[in-house]
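K.L.:
Here are the chains, one letter per residue:
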Amino acid sequence: MSAILPPSKRIWWKQPLDKIELTWIAIAFVWALVLFFMMPYWHVFGKQNLSNEAYRISAENYQKKAQEMVDKYTVRTETDQKIPVAHPPAGSDVYLIARLWAWWPILELENGQSYRLHLSSMDYQHGFSLQPSNINLQVVPGYEMVVTVTPNQSGTYGVVCNEYCGIGHSTMVGRLYVVDKK
Amino acid sequence: MANPADATQRPPPEEAEERIPIMQHVLENPFLLLFLGVAIPAVFYIIWGIMEIVAIPIAK
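Residue numbers (my numbering), protein chains in the order written: chain A, 1 to 182; chain B, 183 to 242.
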């Protein structure tokens, strides 16, 4: 009832804060700080919110760059769809295309070497999720995202699309190999 | 407690000269609060966001 009427004193600003209200504000504030610091924490320790580079590019031009890499460095093809496996040189730019509903090509990287991984989509928004390392990045048409990666464990990795992109989204799983340097 | 009749009377003479703190002015003015509530998110999210997106360079 008293909230509808004007305050009893004209200058209410200096009224002391009730203990319960202070506790309430303090708890909410601490929680807000926790949520805030989660973001840089996940950047530093969680392999999320990566510091990637971003560039504008057309789907056509990006496809050309990816095709160039595939033409130069294909070592074999895999699966019934004959997806090329590209083994680019250490330290170079490697390209991955996201399109409805596949990742292309299959990349074969060397353990311990750094690469500039380029990601772009030919159509709609996709999510690049490297499993089981759980490195996640959004892949957007019209933009080329570049992140520097250094594999530290050899094996076969899954590239899962984790941004809903249509009816075939759940089938959009690719592969990435990390091999030991010969 | 608050007396409803006070709402329509002028403030007592001794308070009429005391300065009202600025923060109290801000929190008492609903239209200023409305303006800040729209302008501050619009600038920090929308305008700053658009500025960042427009500044993305073209790929080589």
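Heads up, some of the hints might be wrong.
Stated by the list, open to error - Quick list of in silico lysine-lysine cross-link-like pairs, DSSO-like style, CA-CA up to 27 Å:
| no. | chain 1 | residue 1 | chain 2 | residue 2 |
| --- | --- | --- | --- | --- |
| 1 | A | K82 | A | K181 |
| 2 | A | K9 | B | K242 |
| 3 | A | K14 | B | K242 |
Claimed, not checked - Calculated Cβ distances over 10 Å to all of chain B for the following chain A residues:
| no. | residue |
| --- | --- |
| 4 | I11 |
| 5 | A26 |
| 6 | F36 |
| 7 | A54 |
| 8 | Y55 |
| 9 | I57 |
| 10 | N61 |
| 11 | P84 |
| 12 | T171 |
To be verified - Across the chosen pairs, the derived CB separations fall in these ranges:
| no. | chain 1 | residue 1 | chain 2 | residue 2 | range |
| --- | --- | --- | --- | --- | --- |
| 13 | A | Q67 | B | F213 | 33 to 43 Å |
| 14 | A | N52 | B | I232 | 38 to 48 Å |
| 15 | A | L100 | B | Y227 | 38 to 48 Å |
| 16 | B | H207 | A | D93 | 28 to 38 Å |
| 17 | A | T171 | B | V220 | 49 to 59 Å |
| 18 | B | V225 | A | M38 | 16 to 26 Å |
| 19 | A | G142 | B | P223 | 35 to 45 Å |
| 20 | A | I20 | B | I238 | 46 to 56 Å |
| 21 | B | P212 | A | N152 | 36 to 46 Å |
| 22 | B | V225 | A | N152 | 36 to 46 Å |
| 23 | B | V225 | A | D93 | 16 to 26 Å |
| 24 | B | A221 | A | Q67 | 29 to 39 Å |
| 25 | A | G155 | B | I222 | 21 to 31 Å |
Hints in this document: simulated from the structure, not taken from any laboratory.
Ideal Cβ placement from N, Cα and C applies to all residues, glycine included.
K.L.:
Each hint needs a verdict: does it hold in this structure or not?
P.N.:
Okay, the hints, checked on the actual structure:
With a C-alpha separation of about 25 Å, the suggested pair A/K82 and A/K181 falls inside the 27 Å cut-off, and the hint holds. Between A/K9 and B/K242 the alpha-carbon distance is near 66 Å, which puts this suggested pair outside the 27 Å criterion. At roughly 60 Å between alpha-carbon atoms, A/K14 and B/K242 are farther apart than 27 Å, so this suggested pair is violated. Look at A/I11: its CB is around 6 Å from the nearest CB on chain B, not clear of 10 Å, so calling it non-interface is violated.
Once the 10 Å rule is applied to beta carbons, A/A26 is consistent with being away from chain B; the minimum gap is 19 Å. Here A/F36 stays apart from chain B, with its beta-carbon at least about 14 Å from theirs, past the 10 Å limit. Not every Cβ of chain B is farther than 10 Å from the Cβ of A/A54; the closest lies at roughly 5 Å, contradicting the non-interface assignment. Not every beta carbon of chain B lies more than 10 Å from that of A/Y55, the smallest distance being close to 4 Å; the non-interface claim is violated.
At roughly 4 Å, the least C-beta separation between A/I57 and chain B is not larger than 10 Å, which violates its mark as non-interface. Chain B draws A/N61 into its interface by the beta-carbon criterion, the shortest separation being 7 Å against a cut-off of 10 Å. With a minimum CB-CB distance of about 22 Å to chain B, A/P84 clears the 10 Å threshold, and the non-interface call stands. The Cβ of A/T171 lies farther than 10 Å from every Cβ of chain B, with a closest approach of about 29 Å, so its non-interface assignment holds.
Under the hint 33 to 43 Å, the C-beta atoms of A/Q67 and B/F213, about 59 Å apart, miss the expected range. Roughly 20 Å separates the CB atoms of A/N52 and B/I232, a value that falls outside the hinted 38 to 48 Å. Checked against the given bound of 38 to 48 Å, the beta carbons of A/L100 and B/Y227, roughly 30 Å apart, lie outside it. As the Cβ distance of B/H207 to A/D93 is approximately 58 Å, the hint placing it in 28 to 38 Å is violated.
Checked against the given bound of 49 to 59 Å, the beta carbons of A/T171 and B/V220, roughly 44 Å apart, lie outside it. For the hinted restraint 16 to 26 Å between B/V225 and A/M38, the CB-CB distance of approximately 24 Å keeps it satisfied. Separation of A/G142 from B/P223 is about 26 Å and departs from the stated range, judged on CB atoms against 35 to 45 Å. Between A/I20 and B/I238 the CB atoms are about 48 Å apart, so this pair conforms to the stated range of 46 to 56 Å.
Taking the beta carbon of each, B/P212 and A/N152 are about 57 Å apart, not inside 36 to 46 Å as hinted. Between B/V225 and A/N152 the beta carbons are some 42 Å apart, a value that agrees with the proposed interval 36 to 46 Å. Between B/V225 and A/D93, the C-beta spacing of about 37 Å breaks the proposed range 16 to 26 Å. Remark: the range hint 29 to 39 Å for B/A221 to A/Q67 is contradicted by a beta-carbon distance near 48 Å.
Hint check: A/G155 to B/I222, Cβ distance near 48 Å, so the stated range 21 to 31 Å is violated.
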